[in-house]
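Peer 1: The sequence shown begins at 1157 in this note's numbering and counts up by one.
Treat the hints with caution; some may be incorrect.
Claimed, not checked - Listed next, the in silico DSBU-like pairs over lysine-lysine satisfying Cα-Cα at most 35 angstroms (straight line):
(1) LYS1390 / LYS1401
(2) LYS1434 / LYS1354
(3) LYS1434 / LYS1223
(4) LYS1223 / LYS1401
(5) LYS1320 / LYS1273
(6) LYS1401 / LYS1434
Stated by the list, open to error - For each label pair, taking beta carbons as the anchor points, the in silico distance ranges come out as:
(7) GLY1376 / TYR1446: 17 to 27 angstroms
(8) ASN1161 / LYS1353: 38 to 48 angstroms
(9) ASP1385 / GLN1289: 41 to 51 angstroms
(10) ALA1487 / ASN1305: 46 to 56 angstroms
(11) SER1165 / GLY1376: 34 to 44 angstroms
(12) GLN1289 / ALA1384: 24 to 34 angstroms
(13) GLY1214 / GLY1376: 34 to 44 angstroms
(14) LYS1362 / LYS1382: 36 to 46 angstroms
(15) TYR1169 / ALA1361: 33 to 43 angstroms
(16) ALA1487 / GLN1324: 23 to 33 angstroms
(17) LYS1390 / ASP1168: 14 to 24 angstroms
(18) SER1213 / GLN1178: 53 to 63 angstroms
(19) GLY1271 / PRO1399: 39 to 49 angstroms
(20) GLY1376 / GLU1174: 22 to 32 angstroms
Hints listed in this document are in silico derivations from the structure and should not be mistaken for laboratory results.
We put the CB at the ideal spot given by N, CA and C, even for glycine.
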Amino acid sequence: MKKANWKLSDFDYYLPKELIAQYPSPNRDQARLLVLERARNILTHRQFSDIVDYLSSGDTLVLNDTKVVPARMIGRREQFSPDQGGGKQEIFLLAQLDNNRYQVLARPAGKLSVGAKIFFDEDDVSALVLSDQGMSKVIEFSANGRAQNIWQRLGQVPLPPYIKREPQMLDKKRYQTVYARSSGATAAPTAGLHFTKKILRALAAKGVNIVYLTLHINYGTFQPVKCADITQHKMHREYFVLPRKTLDTVQATKARGNKVFAVGTTSVRVLETCAQAKEGWTDLFIYPPYKFKVVDSLFTNFHFPKSTLLMLVSAFAGKELLFKAYQEAIARRYRFFSYGDCMLIL
């Protein structure tokens, strides 16, 4: 389905709030799997553990090995007087600027101005606000060289804003893929959360190539599109690394006529960005009628209405078929978003 001028409203849909998964399934591979076959225009309902049936010897599976850092910290504002200052203060890591300085999001933002201090659970850990740009602040820790360890010691799992609960112990394991190894993300590559080591071993035994790239997902993944004309949207940037081994394997797969299966929209964006192995930043915005050059099949979770992720998947699956699948998933009470069920688009 081609359309010259997509509007933001074209990518909207109604989702009952109770379908937004607040917890992961008991086991990673127990999620439901909705399979879309584009060539035959059909939908099939399976379980994620069935995915081994869909890959053949010689195919390649591309995984994003980024590792989520504990990017959320809770402190208290400096108390100036009995009626001024104080109170709970949340900060969310956006970027490390140097050893002690970080760019963060603050909530509430209006109560932190330049010169304000935040104190954390350990009395010797505090942060000074150096610059104030609304919700975004630059802070400097006074930890005497220990700043690089502060997030690991005091940070919490950065659950997305639509999970309406505090992080728990289970999130430290379940909001991380089993193959995560390159620290730097502040949001998880959620399509990969369903994979287990057992499934990866079964795929390798079948002759499937398993390769990795890295894209550090940042808070911009939750940035809403505000332009009525989506072509005017400015995509956020994310840092990536595409190793030579991964590129060579993908190119060999394409050359012999096998298929490249990308796990998640992040893997898609890196593969479609690069013509050669490299590292850097990508702000590639994919929406219909984008023509995919590398990726043949896609594993992905269900995405938020009017999001850039939904637009990318609409370009891959075809918007009409994708929205048909979403409506069926809603009717069958699939679980949505980060801890929800998933799709395989063939």
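Peer 1: Tell me the numbers of any earlier hints that the structure contravenes, in ascending order.
Peer 2: Checked against the structure, the hints that fail are numbers 9, 11, 18, while the rest are satisfied.
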